[in-house]
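Engineer: These are the residues of each chain, in order.
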Amino acid sequence: MNEGEEKFGQIYFAVLGAVALAFGVAELIASAGEGFTWGILDSSGGADPMFLPWRAIILISVGFFYLSSAKDFAEVHQLAKAVMGSIMIWIVAGMAIWSRIASSIPGEETWFNSLEGFLASYAPPYCPEMFLLPFSLVIVYYILKEGETE
Amino acid sequence: MKNPNIKYYQIPNKSQCQNPKKDSTKTKGKGIKAITIVTLVVLMALSTAVISVDAHMPGAKAPPAFELSPIVITDNGVEIEITVEDVGNYHNERMTEFKRNTLKKQNKTDAEIDRIIEEEFAGATGICPCSSCAFRAALLGISELWGDEIPERADIKIISRRPTPGATQCLRYITGTGPKVPDVTSRGELQMILPNGTEITDLSVKNLKKYMVDMGLSNWNFVIIRKSTGDVFEVQVKEGVHPEGFSELRKKVKVEQTATPEEIDEFRVQWEAVRDAFLTQPDWELFEGVEEPEEEEPDVVGGAMFFSILVIGVILLLGLVYSRKKAI
Numbered sequence: 001m002n003e004g005e006e007k008f009g010q011i012y013f014a015v016l017g018a019v020a021l022a023f024g025v026a027e028l029i030a031s032a033g034e035g036f037t038w039g040i041l042d043s044s045g046g047a048d049p050m051f052l053p054w055r056a057i058i059l060i061s062v063g064f065f066y067l068s069s070a071k072d073f074a075e076v077h078q079l080a081k082a083v084m085g086s087i088m089i090w091i092v093a094g095m096a097i098w099s100r101i102a103s104s105i106p107g108e109e110t111w112f113n114s115l116e117g118f119l120a121s122y123a124p125p126y127c128p129e130m131f132l133l134p135f136s137l138v139i140v141y142y143i144l145k146e147g148e149t150e
Numbered sequence: 001m002k003n004p005n006i007k008y009y010q011i012p013n014k015s016q017c018q019n020p021k022k023d024s025t026k027t028k029g030k031g032i033k034a035i036t037i038v039t040l041v042v043l044m045a046l047s048t049a050v051i052s053v054d055a056h057m058p059g060a061k062a063p064p065a066f067e068l069s070p071i072v073i074t075d076n077g078v079e080i081e082i083t084v085e086d087v088g089n090y091h092n093e094r095m096t097e098f099k100r101n102t103l104k105k106q107n108k109t110d111a112e113i114d115r116i117i118e119e120e121f122a123g124a125t126g127i128c129p130c131s132s133c134a135f136r137a138a139l140l141g142i143s144e145l146w147g148d149e150i151p152e153r154a155d156i157k158i159i160s161r162r163p164t165p166g167a168t169q170c171l172r173y174i175t176g177t178g179p180k181v182p183d184v185t186s187r188g189e190l191q192m193i194l195p196n197g198t199e200i201t202d203l204s205v206k207n208l209k210k211y212m213v214d215m216g217l218s219n220w221n222f223v224i225i226r227k228s229t230g231d232v233f234e235v236q237v238k239e240g241v242h243p244e245g246f247s248e249l250r251k252k253v254k255v256e257q258t259a260t261p262e263e264i265d266e267f268r269v270q271w272e273a274v275r276d277a278f279l280t281q282p283d284w285e286l287f288e289g290v291e292e293p294e295e296e297e298p299d300v301v302g303g304a305m306f307f308s309i310l311v312i313g314v315i316l317l318l319g320l321v322y323s324r325k326k327a328i
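Chains as they are written, first to last, in this note's numbering: chain G, 1 to 150; chain R, 1 to 328.
Any given hint might turn out to be false.
Each computed BS3-like pair below joins lysine-lysine, with the alpha-carbon atoms no more than 25 Å apart [stated by the list, open to error]:
1) K99/R to K251/R
2) K61/R to K99/R
3) K209/R to K180/R
4) K251/R to K61/R
5) K326/R to K145/G
6) K145/G to K61/R
A partial selection of chain G residues facing chain R, derived with a Cβ cut-off under 7 Å [stated by the list, open to error]:
7) A120
8) Y122
9) P124
So the derived list for chain R, only partly shown, Cβ under 7 Å to chain G, looks like this [claimed, not checked]:
10) P298
11) D299
12) V300
13) G302
14) A304
15) F306
Please keep in mind that the hints were generated in silico from the structure rather than gathered at the bench.
From the three backbone atoms N, C-alpha and C, an ideal C-beta is built for every residue, glycine too.
For reference, chain G alone in the conformation it holds in the complex:
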């Protein structure tokens, strides 16, 4: 990993960590009430209200992992923190995506959903982890880079 890549990683994951932390705090506050839905962002916990506070704690942890990995980003232990944060996002987002896939196949009163119903079940709003998912994939580049170095 060269100096430029390290600098970029530092800034990138510091910003991503701050965003994850903000989402986590917002979800934690929302979980005290009935949650909220703002545009395409869903923190209502409509699907599973019991999971909402857990999701908030996971997001706050992700934020701390990313933020704490920003210093000496090229160092393997620091990079591991960023990897850990990303894996946490993948697990929660993966669950959310899987739940959509599973619910999109059966119809309400028929065995299989219509094409319209199938596509509509992937429509917004989405939970914060799903927004963070594509940005968290950047860590794969650094993992590969680290593998090449070794």
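Since chain G is already given, all that's left is putting chain R on it; use the hints.
Structural biologist: For chain R alone, kept in the frame of chain G given last:
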């Protein structure tokens, strides 16, 4: 000296009355007396019959299964849930009590009274078109004026245009202004102002009966007021809710008592239909000015975009794994 401008009638004396027509006159007098007594008894019976039919509809079928939210209010901070069944029971109790008092005045024995009440109120739930309409109107008005807040009973004022025991007793129960309403420590306000502007202050069944003769669509109207803010919401029943000729038939069956058995049967069917409508239909189908909530169209485009990204992401991931494997 007799005044020529005044007509004088000669009262027959005792001797003059003793004529051959004596027996027939006596019989005539007895007949008139008997007719008068029978007429009085029939009139009394009719008056009680009118009231009893107003309280419920004998022979009416039970309402279908329905789901109605309760009206939630607070009374000096204590939360109270009022269901349409509570209102119906209260209406039934009040009408039973009224009937009992009326029968007592007719010198009926307690056993007779119990039997009559048992017969007339058998199966009556008290949920009639008037009580269910008033309940729905209050439910709608409160949700429009207070939203998610729970109103304090003393903050509720209702103006009713419907002078029937069903609607009146329902609203007296909600506002806590009626006799024997449970859990009342603070009272709201209920005013009865007819569409012609007449205000009725005596809300007893006996008095209401005088105003129940000619009623039309304008009587299916209630005004709910949030006293603390002065906000007002008027609830007017839509024209199509009642079958055509419902008011006329009601008058014929309940007031004039001139309906044929077929007309009574027809009215019973209409009565059930109106009651069921108020118990089962949504607000926008019952009341003026309530808009049907728009059904959200499924966001197929948004879903398709996300699904495409998901598929592309999975393909890229598989490609990455494959290329890494090949490199190793």
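Engineer: Next, verify each hint and record whether it holds.
Structural biologist: We went through each hint and held it up to the structure:
1. K99/R to K251/R: holds, 21 Å
2. K61/R to K99/R: holds, 22 Å
3. K209/R to K180/R: Answer holds: K209/R to K180/R is near 21 Å, not above 25 Å.
4. K251/R to K61/R: holds, 21 Å
5. K326/R to K145/G: Holds, at about 17 Å.
6. K145/G to K61/R: Violated, at roughly 79 Å.
7. A120: Hint holds; A120/G Cβ to chain R Cβ min 3 Å, cut 7 Å.
8. Y122: Since chain R brings a Cβ to about 4 Å from Y122/G, closer than 7 Å, the hint holds.
9. P124: holds, 5 Å
10. P298: holds, 3 Å
11. D299: Hint on D299/R: holds, closest Cβ of chain G at ~4 Å, below 7 Å.
12. V300: Since the shortest Cβ distance to chain G is 5 Å, the answer is holds.
13. G302: holds, 4 Å
14. A304: holds, 5 Å
15. F306: With Cβ-Cβ at 4 Å, under 7 Å, it holds.
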